[in-house]
Amino acid sequence: MAKEMMAKSVAKDSSGAARAAGAELPGREMTGAEMVLEVLADQGVKHLFGYPGGAVLPIYDAIFQQKKVEHILVRHEQGAVHAAEGYARSTGKVGCVLVTSGPGATNAVTGLTDALMDSIPLVCITGQVPTHLIGNDAFQECDTVGITRPCTKHNYLVKRIEDLPRVLHEAFYVASSGRPGPVVVDIPKDIQFAKGNYFKPKEFQHQGYKPRLKGDPDKIKAAIELMGKAKRPLFYTGGGIINSGNAASERLRELVKLTGFPITSTLMGLGAFPASDPHWLGMLGMHGTWEANWSMHDCDLMICIGARFDDRITGRLDAFSPGSKKIHVDIDPSSINKNVKVDIGIIGDCAHVLDDMLRIWRASAPQVDKKALAAWWQQIDKWRARKSLSYKNSNSIIKPQYAIQRLYELTKDRDTYITTEVGQHQMWAAQFYRFDEPNRWMTSGGLGTMGYGLPASVGVQLAHPKSLVIDIAGEASVLMTMQEMSTAVQYRLPVKIFIINNQYMGMVRQWQELLHGGRYSQSYTEALPDFVKLAEAYHAVGIRCEKPGDLDGAIHEMIKVDKPVIFDCVVDQNENCFPMIPSGRAHNEMILGDAGESVEDAITEAGKVMV
Amino acid sequence: MNKNMSSTSHYPAAPVLQGVEVHTLSVIVDNEPGVLARVIGLFSGRGYNIDSLTVSETEHQKHLSRITIVTRGTPMVIEQIKNQLDRLVPIHRVVDMTVAGPHIERELAMVKVRGKGDHRQEALRLADAFRARVIDATTESFVFEITGASDKIESFVALMLPLGLVEVSRTGVVAIARGPEGM
Numbered sequence: 001m002a003k004e005m006m007a008k009s010v011a012k013d014s015s016g017a018a019r020a021a022g023a024e025l026p027g028r029e030m031t032g033a034e035m036v037l038e039v040l041a042d043q044g045v046k047h048l049f050g051y052p053g054g055a056v057l058p059i060y061d062a063i064f065q066q067k068k069v070e071h072i073l074v075r076h077e078q079g080a081v082h083a084a085e086g087y088a089r090s091t092g093k094v095g096c097v098l099v100t101s102g103p104g105a106t107n108a109v110t111g112l113t114d115a116l117m118d119s120i121p122l123v124c125i126t127g128q129v130p131t132h133l134i135g136n137d138a139f140q141e142c143d144t145v146g147i148t149r150p151c152t153k154h155n156y157l158v159k160r161i162e163d164l165p166r167v168l169h170e171a172f173y174v175a176s177s178g179r180p181g182p183v184v185v186d187i188p189k190d191i192q193f194a195k196g197n198y199f200k201p202k203e204f205q206h207q208g209y210k211p212r213l214k215g216d217p218d219k220i221k222a223a224i225e226l227m228g229k230a231k232r233p234l235f236y237t238g239g240g241i242i243n244s245g246n247a248a249s250e251r252l253r254e255l256v257k258l259t260g261f262p263i264t265s266t267l268m269g270l271g272a273f274p275a276s277d278p279h280w281l282g283m284l285g286m287h288g289t290w291e292a293n294w295s296m297h298d299c300d301l302m303i304c305i306g307a308r309f310d311d312r313i314t315g316r317l318d319a320f321s322p323g324s325k326k327i328h329v330d331i332d333p334s335s336i337n338k339n340v341k342v343d344i345g346i347i348g349d350c351a352h353v354l355d356d357m358l359r360i361w362r363a364s365a366p367q368v369d370k371k372a373l374a375a376w377w378q379q380i381d382k383w384r385a386r387k388s389l390s391y392k393n394s395n396s397i398i399k400p401q402y403a404i405q406r407l408y409e410l411t412k413d414r415d416t417y418i419t420t421e422v423g424q425h426q427m428w429a430a431q432f433y434r435f436d437e438p439n440r441w442m443t444s445g446g447l448g449t450m451g452y453g454l455p456a457s458v459g460v461q462l463a464h465p466k467s468l469v470i471d472i473a474g475e476a477s478v479l480m481t482m483q484e485m486s487t488a489v490q491y492r493l494p495v496k497i498f499i500i501n502n503q504y505m506g507m508v509r510q511w512q513e514l515l516h517g518g519r520y521s522q523s524y525t526e527a528l529p530d531f532v533k534l535a536e537a538y539h540a541v542g543i544r545c546e547k548p549g550d551l552d553g554a555i556h557e558m559i560k561v562d563k564p565v566i567f568d569c570v571v572d573q574n575e576n577c578f579p580m581i582p583s584g585r586a587h588n589e590m591i592l593g594d595a596g597e598s599v600e601d602a603i604t605e606a607g608k609v610m611v
Numbered sequence: 001m002n003k004n005m006s007s008t009s010h011y012p013a014a015p016v017l018q019g020v021e022v023h024t025l026s027v028i029v030d031n032e033p034g035v036l037a038r039v040i041g042l043f044s045g046r047g048y049n050i051d052s053l054t055v056s057e058t059e060h061q062k063h064l065s066r067i068t069i070v071t072r073g074t075p076m077v078i079e080q081i082k083n084q085l086d087r088l089v090p091i092h093r094v095v096d097m098t099v100a101g102p103h104i105e106r107e108l109a110m111v112k113v114r115g116k117g118d119h120r121q122e123a124l125r126l127a128d129a130f131r132a133r134v135i136d137a138t139t140e141s142f143v144f145e146i147t148g149a150s151d152k153i154e155s156f157v158a159l160m161l162p163l164g165l166v167e168v169s170r171t172g173v174v175a176i177a178r179g180p181e182g183m
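Residue numbers (my numbering), protein chains in the order written: chain R, 1 to 611; chain E, 1 to 183.
No lab work stands behind these hints: they were computed from the structure. Careful: at least some of the hints might be erroneous.
[Stated by the list, open to error] Each computed DMTMM-like pair below joins lysine to aspartate or glutamate, with the alpha-carbon atoms no more than 20 Å apart:
#, chain 1, residue 1, chain 2, residue 2
1, R, Lys210, E, Glu105
2, R, Lys371, R, Asp300
3, R, Lys563, R, Asp530
4, R, Lys214, E, Glu32
5, R, Lys159, E, Glu32
6, R, Lys341, E, Glu79
[To be verified] Far from chain R, by Cβ distances over 10 Å, these chain E residues were calculated:
#, residue
7, Pro33
8, Ala37
9, Pro102
10, His103
11, Leu126
12, Val134
13, Pro162
14, Leu165
We put the beta carbon where it would ideally sit given N, CA and C, even for glycine.
One chain only, chain R, in its complex shape:
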């Protein structure tokens, strides 16, 4: 009893003083470094991505002396964080990272920001110089908590060994609950050496931070009422469904089936609803399909679940879905009414709210306007018939869209996970690779981090050793974190790096063509490595394919190899990614790829404004 109360009071006060009593508690005594490993094991962590350095040596010593947690040695700290993101995104677990002080921490910042933007649960442990040297400009010192404050969900600097077990367990709780995100725990070297008492996670309960899971029942009822009366309804879903877990994805499928409403999703939400289902309209937004964007524009009821009205989705805000009532379900209250004013904002976890929605819909059995819905679907079919993703294929040169289509056709019946880098290839992958399950699609959405895909694929492959893991890459992006090939080879992770190689930073080139008068400033890479030889230098396998006729055979060969592969797919340099909503325009002002002259017009006009 006394122990319980004491644990509670320890957890309650997170401020520093009044915790001297900790020493009286009957916990197991160990060093701070040992505690780190103990916490990881207790939290069920199997893999830890990291890179050693002076300020984390005691923790690395503890790693050496245990077997529960496997350490994955990356080649750069950014790679460690992206790998942990891939691991987390594909499993739903918390990804774990260990880096040293100073440059170790600053190198991790890009990955942390990426995880914050895409709500990926991470715990990143950073070493710090000994407490008496903090603020002294010591060797490899940086203000880690200061630097990572705006790019983490929360962070801690642990200055007392008594605080360490609580803080570490709390970090896992904060990272994984509510809207997930990265948490940094900065541990000075002397704290890693210090001895203290260790406690199991169940003895801790966070007092202040308790995210709300259940939505307001009255608001859910009101939402169902609107849904029952809607004539042109549309589900608009996002990464929140994936973060909420498989249950949310299942409930969503049920609700769509029950209501018969069409559904579109953001980049982050792909796979939550099967792309093979007839209710699926494809991705929406800047490079979304004609039918998805027109439906967004013309719907009379928008049901947004776990998405956040990002500027890449809404386009011009004052022309965004002008005639619709909007329902928004999100676990983060700050997402509601941030960009777009909604009529009903429901704060809660997607799975919980979807559960209630299903229950209330079934109980109230609303009389839907079948005639209006049929007319709505007819309209949608007209938009679909526009075939907005079509492109002109070629016999002599590989079109990037064709490459991804073939990749999809040849891998769809396998247990496949896809990661991407950032740019044109990412959008084509989102358009042409069709996902039927959640957690199969790992991409950097919010931050748009080039170099995300390769390390992420390392993390995914580690979590799913038997599965086929492919990084659909661009040649520019992949060079940013190419060093992680070395990690893949070391741990025998047979990731497939499928490079859509057009020698340009394709999306930059596309914008320069459309908006900057075709002045391709610095977007062409004049000296690319020979990717086949590069693969061989890493002791991996290199494949190059330049002809559409050879593509299928080459992809088969890639799949067959039980080693990491770099696949250099040489594609048309001039292909643009369509449809496209130019910046600052509305959903009904899309440019299409096959529109020929009208594209030229749009370019000239935009160009005029520019010049």
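Model the placement of chain E on the given structure of chain R, informed by the hints.
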């Protein structure tokens, strides 16, 4: 095609600002290192305004501090500020005093005035009228302590200006709800 598309950036044009309101927020936080930096960083990082901010530990047993923030923005921005604050892990509660009901706002200022003769007399008379106390005096100066709503302090300072105002130190606004209930 839309002719007024003038954007050369990736992003939509800035929205036209609606009416700006001033709100007073009371925020209960864990008194831990860095918590103030989190709050201030949120305001600067997201481009919100701080008119004034005061902070002190108010519940020693629980190590809770109370921050009073006076901020301004459109209703949507004010709503965002509250939600973004609420999202910070060490923050327990955010209450918008401006909408929560009747409340009292007070500020304390120390006002240093230097002068001789008539000016000195006048400063004392005005201080009396404003119920400002003399908390330091020399033969050629006073320091007045004045509490009250911000506008009262503003007017007092304005009156002292021609009488030899040297400097002002102000606490910023603290606020509390009227009536028997706590926040």
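Status of the hints after comparison with the structure:
This hinted pair does not check out: Lys210(R) and Glu105(E) have alpha carbons roughly 30 Å apart, beyond 20 Å. At most 20 Å may separate the alpha-carbon atoms for a hinted pair to count; Lys371(R) and Asp300(R) meet this at roughly 15 Å. Proposed proximity of Lys563(R) and Asp530(R) is supported: the alpha carbons are some 19 Å apart, at most 20 Å. Simply put, Lys214(R) and Glu32(E) have alpha-carbon atoms about 30 Å apart, too far for the 20 Å limit, and the pair is violated.
Restraint check for Lys159(R) and Glu32(E): satisfied, since their Cα atoms lie roughly 12 Å apart, inside the 20 Å limit. A C-alpha spacing of about 11 Å is found between Lys341(R) and Glu79(E), which places the hinted pair at or below 20 Å, so the restraint holds. Non-interface status of Pro33(E) relative to chain R is broken: a Cβ of that chain comes within 10 Å, the nearest being about 7 Å off. Under the 10 Å C-beta cut-off, the non-interface status given to Ala37(E) relative to chain R is violated; the minimum distance is some 6 Å.
Interface exclusion of Pro102(E) from chain R stands, the closest Cβ pair being 26 Å apart, more than 10 Å. Residue-level check passed: His103(E) sits 23 Å from the nearest beta carbon of chain R, beyond 10 Å. The non-interface label for Leu126(E) is consistent with chain R: the shortest C-beta to C-beta separation is roughly 44 Å, beyond 10 Å. Against chain R, the non-interface label of Val134(E) holds: every CB pair exceeds 10 Å, the least being about 38 Å.
Residue placement check: Pro162(E) keeps its beta carbon more than 10 Å from all beta carbons of chain R (closest about 45 Å). At roughly 38 Å, the least C-beta separation between Leu165(E) and chain R is larger than 10 Å, which holds for a residue marked as non-interface.
In summary, the numbered hints that this structure violates are 1, 4, 7 and 8.
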